[in-house]
Amino acid sequence: MSAIKESLVPPDEGTRLNLYRSLVELRYFEKRVYDLFLKNLVGGTTHLSLGQEAIAAGFGAALREGDYTLATYRGHAHTLARGVPMAPILAELMGRGTGLMSGKGGSMHLTSVEHHVMGSYAIIGAHLPIACGTAWSAQYRGSDQVTVCFFGDGTTNIGAFHEALNFAAVWKLPVVFVCENNLYMEYTPIGDVTAVPRPAADRAGAYGLDPVTVDGNDPDAVYVVAREAVGRARRGEGPSLIEALTYRHGGHSRADPAKYRPEEEVKAWLARDPIPIYRQRLIADGVAASVLDEIDRWALDAVDEATEEAKAAPPPGADLLLKDVWADGSATWRN
Amino acid sequence: MSAIKESLVPPDEGTRLNLYRSLVELRYFEKRVYDLFLKNLVGGTTHLSLGQEAIAAGFGAALREGDYTLATYRGHAHTLARGVPMAPILAELMGRGTGLMSGKGGSMHLTSVEHHVMGSYAIIGAHLPIACGTAWSAQYRGSDQVTVCFFGDGTTNIGAFHEALNFAAVWKLPVVFVCENNLYMEYTPIGDVTAVPRPAADRAGAYGLDPVTVDGNDPDAVYVVAREAVGRARRGEGPSLIEALTYRHGGHSRADPAKYRPEEEVKAWLARDPIPIYRQRLIADGVAASVLDEIDRWALDAVDEATEEAKAAPPPGADLLLKDVWADGSATWRN
Amino acid sequence: MAKLTYRHAVARGIAQEMRRDDSVVFLGEDVAAAGGVFKTTGGLLEEFGGRRVRDTPISEQAILGAAMGAAMTGLRPIAEIMFADFFAVCWDIVANEIAKMRYMTGGQITLPLVIRAANGGGLRFGAQHSQAIENWAMAIPGLKVVAPSTPRDVVGLLAASIRDPDPVIFLEAKSLYAVSEDVEDGEIVDTLGTARAVRDGGDATIVALGPMVPKACAAADELAEEGIRCEVLDLRSLVPLDTRSVLESVARTGRLFTVEENPRLCGWGAEVSSIVSEEIFGDLTGPIVRITTPHIPLPSAHALEELALPSAARIAETVRKALAS
Amino acid sequence: MAKLTYRHAVARGIAQEMRRDDSVVFLGEDVAAAGGVFKTTGGLLEEFGGRRVRDTPISEQAILGAAMGAAMTGLRPIAEIMFADFFAVCWDIVANEIAKMRYMTGGQITLPLVIRAANGGGLRFGAQHSQAIENWAMAIPGLKVVAPSTPRDVVGLLAASIRDPDPVIFLEAKSLYAVSEDVEDGEIVDTLGTARAVRDGGDATIVALGPMVPKACAAADELAEEGIRCEVLDLRSLVPLDTRSVLESVARTGRLFTVEENPRLCGWGAEVSSIVSEEIFGDLTGPIVRITTPHIPLPSAHALEELALPSAARIAETVRKALAS
Ligand SMILES: Cc1ncc(C[n+]2csc(CCOP(=O)(O)OP(=O)(O)O)c2C)c(N)n1
Ligand SMILES: Cc1ncc(C[n+]2csc(CCOP(=O)(O)OP(=O)(O)O)c2C)c(N)n1
Ligand SMILES: [Mg+2]
Ligand SMILES: [Mg+2]
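These protein sequences, in sequence, are chains A, B, C and D. Going by this note's numbering, the first residue of the first sequence is number 486, and it counts up by one from there. Going by this note's numbering, the first residue of the second sequence is number 486, and it counts up by one from there. Going by this note's numbering, the first residue of the third sequence is number 39, and it counts up by one from there. Going by this note's numbering, the first residue of the fourth sequence is number 39, and it counts up by one from there.
Please note that the accuracy of each hint is not assured.
Unchecked claim - Derived DSS-like pairs: lysine-lysine, alpha-carbon spacing no greater than 27 Å straight-line:
1. Lys77(D) to Lys41(D)
2. Lys796(B) to Lys524(B)
3. Lys516(A) to Lys77(C)
4. Lys516(B) to Lys744(B)
5. Lys77(D) to Lys524(B)
6. Lys744(B) to Lys77(D)
7. Lys744(A) to Lys77(C)
8. Lys77(D) to Lys516(B)
9. Lys524(A) to Lys77(C)
As the list claims (entries may be wrong) - Reference listing, derived: stretches of chain D covered by chain A, where coverage requires no fewer than 3 residues with Cβ under 8 Å from a Cβ of chain A:
10. 111-121
11. 134-143
12. 274-280
Unchecked claim - Taking beta-carbon pairs under 7 Å as the criterion, some of the chain A residues facing chain C (in silico):
13. Gly580
14. Thr583
15. Gly590
The set of hints was computed from the structure by calculation and includes no laboratory data. Since we're looking at a predicted model, the values are computed, not measured. Quick reminder that beta carbons are idealized off the backbone N, C-alpha and C, glycines included.
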């Protein structure tokens, strides 16, 4: 919990309402996805961020338009938090032609270049080096765009993590690496397979970086840490590695009932659900409950509307099959 | 320079003479290889350990028969230091049929299973995970064999390093990772491409290990550190990561005149040549110069003899081409 | 005799071999306590304990390096790479180390190890979790490549792979995990490099592998109703390759069709095609035709994925047209 | 017009493009200050400075990840992977990320980048530093694959690759680095997907790539003295593949021989063979014959390496025998 020295100023009320809006938006959205896959309307696999919303929301609020984000297969929340509309995301999960990537990527690969959401990546670790590239490009072009790269605790044990962290540090790249430590790599407790207690923070020193941990269930705390790290990056002071402690409410993916987690552990973390806690806090700090109710209603409506829109959309046309392998739009490899 | 607490007892005279013998053997051998490639008798590429001999020698002396070692393409010294005879190594470098691997591997892949030299590896980092495997096997079989894995400073920046270190620490494997920091990854100074000053030691903490550095030009110091780490591994106390500071006298490989190194740097390190220094130390400690001269002579004779033997050997027979892809000795992939 | 799913056949094959040979060990991500993300390895931890059945970090290079090092020093490891696509993060250990070690060391080192992976598409997992990578492995000298199409073959070929003294890439078809059939009790050990005729016929030879075998059979059944009789060969392994069975069949039928799940370029079908056109050119009565996934990454939407992968209908139509012309 | 080595042609091609386009950047291990371990990139740091020409750690995944991320945000990176064998340590970034990104994102992302590597054998570097990996890349949808056989082609095809909006794997033949020829001054920009006939003849078509082209030419010259006239086609790129030139030539000659440096199984020769036997079966007058390195890791001893790689003598003998029978 060091290094983040300046700007411990808490977010102002506007930002906090914004954070709240983002939280409930992500929450209702992910719950809807869950419902839709129970109804078999979402196929393939799906990884939800239920319980972990404060991280995507906190960073989303700390970023400017033009900043780049890269996420994992568990990336619905991170995509939404950048302002990507719900309907095309849902449509993508449902394999519709109006999907964010026309149905060709699926749940694990959400991308919206328009929103500078530079992809969601399904091979553990791969996007950390890629985030070095978007950051390098910004640095090269002399823009002040910052890159934020989200990943999980389990990801800290793969080689690409190491290469990217060292590379970013040596090139002093404007990139923030955010480890969402939800205590599990898929089904195995992270502690069983990691040589240090804090998989990210305890390794920051290996890259000449300060160890930073933050309560990933506290949107204010995440926002403050994010603002600080993003600011450093924007000022050319190099990369950061942040470990946000959190917990997923459900299973790893669609197929997983998450039976491997001790009951008390689940209970304790459900009691730390970021949303009711944040709601209480806002109310305690003087926000009218009705204002928050209004936001809830708005978010739920938005999810309902997006659901209807996505449901009504047709599957992708057969012409898409051989489209867009190459920049000329074709899939032609021969004459 | 911590962690190594016990057995700081310096080696006894027998061991020191042994170390000296090993040093000069490696030195004369590598010089001969250099001569032979100037004469075009050694083809392909070759990477010499001139200047770095104290590390292979120190570890060689600290190991028991049955312990496993894995080295890099710069592995002549490490192979010799385990007792592998010179002639088949030279023959291998010269592409002869009597080569250690019948001429099929070459300089970069010296292997002698008979001596538990479990390979030399030419892709940076690959053998660190493999060393986890030989160590795991010993642990599983309940043998007390220790694995030692040598690699360079540049290797600490590749993903496999990270995966292997974490894996070995979590499984508490009997393996000692030895980083020979010779200040350069090929032609680029290691400091230019690494986020921490000590590429290995500064990362030990990321795997819950103690940082250990040692003067890699001091055979006694290497031996003591080796004995300690190998002992820990043998007692089931898990892996170690050791950074040995050293310098290569020549270029990275056959093709490299090493012009990129500052003259004063080279001069300073040549003045720290492990062999004359060790010789002085032994004499100061009471060893007769004539004893050392005798060892020198013996080593030079051994190199001469091996050279003649290798030179006289024929190239590998054409029958070897399609031999030994598979355990049945064949290369047959179809019926 | 009892119903056995393709999924459960994996654990059965592993257990069969672990019981008879204490040097067989098994490691991978989420394979032990959780029984595997595809539920293929349930019960192994319970029966063989944490010393022999081990969960690992997400470190594919370490997993396969550990398997390799263990194999060279007396063990017979089985390593799981969860999805075959992940071979890409540890391809160096597979292609540069494991495959080459024996040859480079002049035969000093043998590597009796098996790497299992869930291979191929059909479950809408998208381009990074659906690849059929058999041709990646086949292209590397020093690897054996096995791909069973039935639960019984999973047991028998897995046992054969574990007993084989060489490195085997064992590709399980994730789209077949739920398939079941009656399988006899007791030990089953099969033989690598033996194709199996699963349909007889003299009009054409259809060569298939893994999940393409049931599709080829369905196509053959459809064609049989029209009077076109195809021999369907299930290759079962690509290395060793049972070229003899293929050549004999094509010599008889005069026509060869290959059905590949992998994207088109440089697939095993091209290899088989080139062998046939080099060795029994005179027996061919018409063009060799390859049926493959187009040369594209696999799309995730159901509608598109279905179009991309070879289907029984596409196979039947291709054969029908080719034989008619 | 001046003599240019294949080696120096690399720096010339890169420099030509860096001069005209500030978004072209170049990174790799030992490429800047040291000018590359094969001395292919000397002078670039001096001309373009450390902002555009950058040395990296030994972190191939980071190198290619950085290139990819930069390409998706406005730059045109050239990355060097020193030896093509090292693609194995970063294959995920190449095969799973770079190759699939455009398709998976429904065309949102384009990746104008080039990955150069020293490919193939012939220098006694042993099995881990001598692989010809063109078929690894060709098997992955979404990658273009280019392999020049002459200094002039290095410049022109490299320029074309850098200007190409898609990811290109650019394979330099390390055994040709010392070869030189007269090359005109000024800008040279070639076209991908265009094979070139380098020998004319009506008796057979020999298709070759990279360092196999001079060997095929030597074989054709030898055969020509005996009255056997072969057309030799230099493919120059595998993706895009100039099938038209191949089909036209084989339709004329009736016979196809392919010469591959890669180990036998699943090579591009198999792909070309299968295309020809599927599309112009009726024009073939005899078996298609592939000449390849056997399916083995490459041995290091000179005597063995020479035996393993296709030689002019082996090519000539194979063609001679095949045409005689
Ligand atoms: C290279 C690779 N290995 C394994 C997997 C399978 N896999 C998908 S998610 C996952 C767990 C990742 O854990 P973590 O990084 O903690 O992220 P979380 O899912 O908890 O958000 C694994 C092992 C993969 N996708 N890629
Ligand atoms: C994956 C990979 N990348 C690059 C290389 C090329 N290469 C061979 S040796 C070397 C430098 C290694 O430096 P270091 O680890 O310090 O060992 P040293 O040569 O100094 O002993 C490099 C980059 C390689 N062999 N493998
Ligand atoms: Mg996690
Ligand atoms: Mg070094």
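Status of each hint after checking the structure:
1. Lys77(D) to Lys41(D): holds (17 Å)
2. Lys796(B) to Lys524(B): holds (12 Å)
3. Lys516(A) to Lys77(C): holds (26 Å)
4. Lys516(B) to Lys744(B): Since the Cα atoms of lysine 516(B) and lysine 744(B) sit roughly 20 Å apart, the hinted pair holds (cutoff 27 Å).
5. Lys77(D) to Lys524(B): holds (23 Å)
6. Lys744(B) to Lys77(D): OK: lysine 744(B) and lysine 77(D) at ~14 Å, within 27 Å.
7. Lys744(A) to Lys77(C): holds (14 Å)
8. Lys77(D) to Lys516(B): Holds, because 26 Å separates the two Cα atoms, which is no more than 27 Å.
9. Lys524(A) to Lys77(C): holds (23 Å)
10. 111-121: It holds, with 4 qualifying residues against the three required.
11. 134-143: Contact hint for the segment 134-143 of chain D vs chain A: holds, 7 residues under 8 Å.
12. 274-280: holds (count 4)
13. Gly580: holds (3 Å)
14. Thr583: This interface hint is violated because 11 Å lies over the 7 Å limit.
15. Gly590: Given a least distance of 6 Å, the restraint on glycine 590(A) holds.
Hint 14 from the list above is the single one not met by this structure.
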